[in-house]
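What follows is the residue order along each chain.
There are 4 protein chains.
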Amino acid sequence: MKNIGVVTSGGDAPGMNAAIRAVVRVAYSKNFQVLGFEKGWEGLLKNTFRRLTPRSVGGIIQLGGTILLTSRCPQFRKREGIRKAAETLALNNVDGLIVIGGNGSFKGALELSKETNTSIVGVPATIDNDVFGADETIGFDTAVNTAVNEIDKIRDTAISHERIFIVEVMGRKRGFLASTVGLTVGAEIILVPEVKCEKEKIFKTLKENSAKGKKSGVIVAAEGIGDTRKLAREIQENTGAEVKLSILGYSQRGGNPTARSRLLASLFANKAVELLSKGRGNRIVGLQEGEITSTELERSCKTKKPLDLNLLRLANILAT
Amino acid sequence: MKNIGVVTSGGDAPGMNAAIRAVVRVAYSKNFQVLGFEKGWEGLLKNTFRRLTPRSVGGIIQLGGTILLTSRCPQFRKREGIRKAAETLALNNVDGLIVIGGNGSFKGALELSKETNTSIVGVPATIDNDVFGADETIGFDTAVNTAVNEIDKIRDTAISHERIFIVEVMGRKRGFLASTVGLTVGAEIILVPEVKCEKEKIFKTLKENSAKGKKSGVIVAAEGIGDTRKLAREIQENTGAEVKLSILGYSQRGGNPTARSRLLASLFANKAVELLSKGRGNRIVGLQEGEITSTELERSCKTKKPLDLNLLRLANILAT
Amino acid sequence: MKNIGVVTSGGDAPGMNAAIRAVVRVAYSKNFQVLGFEKGWEGLLKNTFRRLTPRSVGGIIQLGGTILLTSRCPQFRKREGIRKAAETLALNNVDGLIVIGGNGSFKGALELSKETNTSIVGVPATIDNDVFGADETIGFDTAVNTAVNEIDKIRDTAISHERIFIVEVMGRKRGFLASTVGLTVGAEIILVPEVKCEKEKIFKTLKENSAKGKKSGVIVAAEGIGDTRKLAREIQENTGAEVKLSILGYSQRGGNPTARSRLLASLFANKAVELLSKGRGNRIVGLQEGEITSTELERSCKTKKPLDLNLLRLANILAT
Amino acid sequence: MKNIGVVTSGGDAPGMNAAIRAVVRVAYSKNFQVLGFEKGWEGLLKNTFRRLTPRSVGGIIQLGGTILLTSRCPQFRKREGIRKAAETLALNNVDGLIVIGGNGSFKGALELSKETNTSIVGVPATIDNDVFGADETIGFDTAVNTAVNEIDKIRDTAISHERIFIVEVMGRKRGFLASTVGLTVGAEIILVPEVKCEKEKIFKTLKENSAKGKKSGVIVAAEGIGDTRKLAREIQENTGAEVKLSILGYSQRGGNPTARSRLLASLFANKAVELLSKGRGNRIVGLQEGEITSTELERSCKTKKPLDLNLLRLANILAT
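Residue numbers (the working numbering), protein chains in the order written: chain A, 10 to 329; chain B, 10 to 329; chain C, 10 to 329; chain D, 10 to 329.
Hint data in this document are derived by calculation from the structure and do not stem from the laboratory.
A portion of the hints provided could be inaccurate.
Identical copies look the same in the list; a pair holds intra-copy or inter-copy alike.
[Unchecked claim] Each computed DSBU-like pair below joins lysine-lysine, with the alpha-carbon atoms no more than 35 Å apart:
#1 K223 / K55
#2 K39 / K116
#3 K123 / K223
#4 K93 / K253
#5 K205 / K93
#6 K287 / K314
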């Protein structure tokens, strides 16, 4: 192993920079060189990269976003794009490639791995927390705290006006973000795509709450559940309560990473370089049972990470 | 002066609790009693209040929302409602009433003042900052900082993805919040209702920025400018850039007040009680030329506070 | 099981209120009553408590400190105090007692368990993170982030002035807080009581950093390592660099708990009530290998939790 | 006017970067070139600078510290140093120099102005807020909020443990920071160098508070009042209360500037460039009576800015 490539791909997540920093510095401690490909897969298609050194990644551990930039790259979904990327890796003698991103990026990495001899290791970084093999992904803790801080503020208004608020959080098709956020803000109701949304039950719960003196309430809804605007209207009509909708936006994807996101980034990156240094590739690193581990790339891509339904049950009890 | 009433009305604003605390404690230092009417004007219509003492307002200076609750009260817009409120004031021997709220609340207060002998003083508290006679209102600084912090995070993603973001902030029909937020996040473009939105100019600016290497950008738009969703689409079509929309929600109205919002709340409340203790009513307190002053209630209600266009001109230069 | 007592003891930690809330609400879902003893062990000595209901613990999940108050109670260290507490438990028919606190509190709980039939379960809540049986304690994540945010700010000044900063963090005799904080702020050097402090090595590292262009630096030191004031002086004398000391204070122990501290508090409390409902006592709950588990109270008290030295090694590589 | 120099000097303050950015961009809008001297006066002594362009100051409005670095420079206090600086200005044809800093820096600027034809304008940036001619300085609002946020957290522990906390804040020999922080955290007692510290009165107040049920308390003390450690001991001895001391450190000087600090920085910088463009020098810019104004440099240096004692009186009433 002499040359390591690193790329951030897909949606950005807080802690990606901490991961880049750790990849570079651990690599240098093992005497590897590091090439940072720019703008996600596009950098591999166009052979645009910069040499990264321990000094060039100084002062970035606390920054959101990614200094390597990122993109979604449609060409990469085609065979021709994949081959072009494989050529770039060969051209630059890249022995190992570290892909920092989420599920979509890892699917791309899996395809690429079939066309190249370069070992590929995935580092899970996504606020959606939906990567199989990683109990927690880089950026998830930051996004949770950003949403929690915003909802803590919204609750001030909910209580002062005795209103119901539906707060829509990100998470794409999954409910990881919504369920952790919902439990930790003490949401009255949590709605995730993994559980059927029973509207009659929602109306009933809110009416019961009102009867027992809980005039305000917060419903945390995953973006994946569908039309929250319509839901707000239906609740208002059926309960008589004033219902407001707040869609938390892209601030969930940015901001200084929390300590935990920085820590995971550092531990994941270290593990990724270690795997490459031992000649192991086509894996993703992750956190499992409290340990830093790794999982076959293909298995991660093809397995759906289960949502912990016990968390939702507990949240329900705690929202009494 | 023996009895002072206090009420929070209209939309909540961070620092209302700091104002309530200061009203009560300054009043007690002058040996006045304080009645806190609940849920805005509704408390005056229904004669629901609680006695507030220096101890009962302990530990609230840092809390968002309002412990007295608030509401928008349609009945109060009718003569009958106003008379009912006047009766409540007479019934409880309320010598002076302090109304903590924004323009809408002050218009109600003006109507009420015509039906009652109770002196009324308004304390401007609204994140919209649109009260004539107050260069700054309680809650404005907090809302500005909340928006700025969220947009700082959004910029991480804007830069990493080389995207344009339109961020819609609150402010109702006025551009105070948008212009201060826009300048302090370094927005490329600021859109306010007070200035005609010239779309061709927006397209041109963004294309020029792109040409000189500024691939990402943030447009801060006041909610009062109209349909931002449509605007996002039009910009995307005309510039070819990827454009995302983020609507900052109710978190702008909540949260722990900043030091400045707490300070203004304390100074305003102090002035309001002082006015009442001197038998002066039908005024609002405010900040003018760096001093705590007061203005006739009617004049405040009937005069439109001008937006500082120089701020927008400077923001434009600084966004070079 | 009919009556559960709950008490917070020792130093406060962010998330204690979230734990109290969860204890009460989970208990009620099982039809148990809850008595909240006040001011730590003192409440058990003096039989001062309040009945806690699901409504009385509303709106506290996000608050720092503890609504039950806490104290360090010297009388409780004596046999007589312990017996008095046992009598209080018998008098009120307390079937199970949940002790929310750290090592010191659990040692008291162990002594108490020998004098009472009431089942006792410990819920680890301390920013020191030094409880055996709990990979992470309630409040630790919040304290880490508070320290990290402050040090991120200090680094601005360190860089602008090209200075060395020693930042002393809490943690009593252990280095858990310092090592996690140190790694996640990218500290140049981390000093913990578990590793001998070799001053010559520190001087050497700082001189080498300076030679390679790193003019500023942050040293994170656990309070347990001894006199940091003296250390600052010695570094200044030996390296010629300007060295400043900043001792992070009690803000590390307060503040709104992070999402993770709230989550752990909820999960730990739930487990504690479950254990009691099954008649199991004299245990502490905890997080081990990513799972919510429990450990014998005596074993937890008598075993020293090991510090992860690999974390320090990695931090050292990353600080290159 | 063709060439403008800019330098940051003395202690750093949040918003210095926002000021540098505004200087450069306003200057360019008037077709001036900008030279950024590095490390404070040292850059003028050693003729080390970089050319600053609108692009080179992008992305810094939200950063703490100063990209130009700063220092305290003892040589500059001597005539020889001053002459060297004047030569550097002449050598580079610097027509106008903008000095971003506090009182100390302005005294240096005053000396320099006697030896050079270059027009000099001071931009007040210091968390101490002690510059005559500026009702508020860049960085002050940020430092206040940083301290307020930390003390809000400390109060959690104060209440939970029923303790008295003395919190020492910065401000050098003046009480501006302490008085604003003290009022806005609702401190029971505020101690500033401008008002004699009467210990007997402190003891009496705390005992009275305890008698009326206020078991905890926060004393905000300016660093300029002297030995707070001794004070803590004396209070403990005289009142019997448990007293803890927390010295807020350098985090008060760093961190992302608040919106207000960024706004002041932008307005001040704009005014400074305007003054220079009109050939006016030897002035400092400032905020007076709510307006951006300017004051003679010499007058600012030689006049002590008065502390608003009314604020302390109000704080005292509000702490009832």
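Hints, verified against the model:
no.: 1; hint: K223 / K55; verdict: between (58 Å within a copy, 21 Å between copies)
no.: 2; hint: K39 / K116; verdict: within (29 Å within a copy, 46 Å between copies)
no.: 3; hint: K123 / K223; verdict: neither (57 Å within a copy, 37 Å between copies)
no.: 4; hint: K93 / K253; verdict: between (49 Å within a copy, 30 Å between copies)
no.: 5; hint: K205 / K93; verdict: neither (43 Å within a copy, 48 Å between copies)
no.: 6; hint: K287 / K314; verdict: both (27 Å within a copy, 32 Å between copies)
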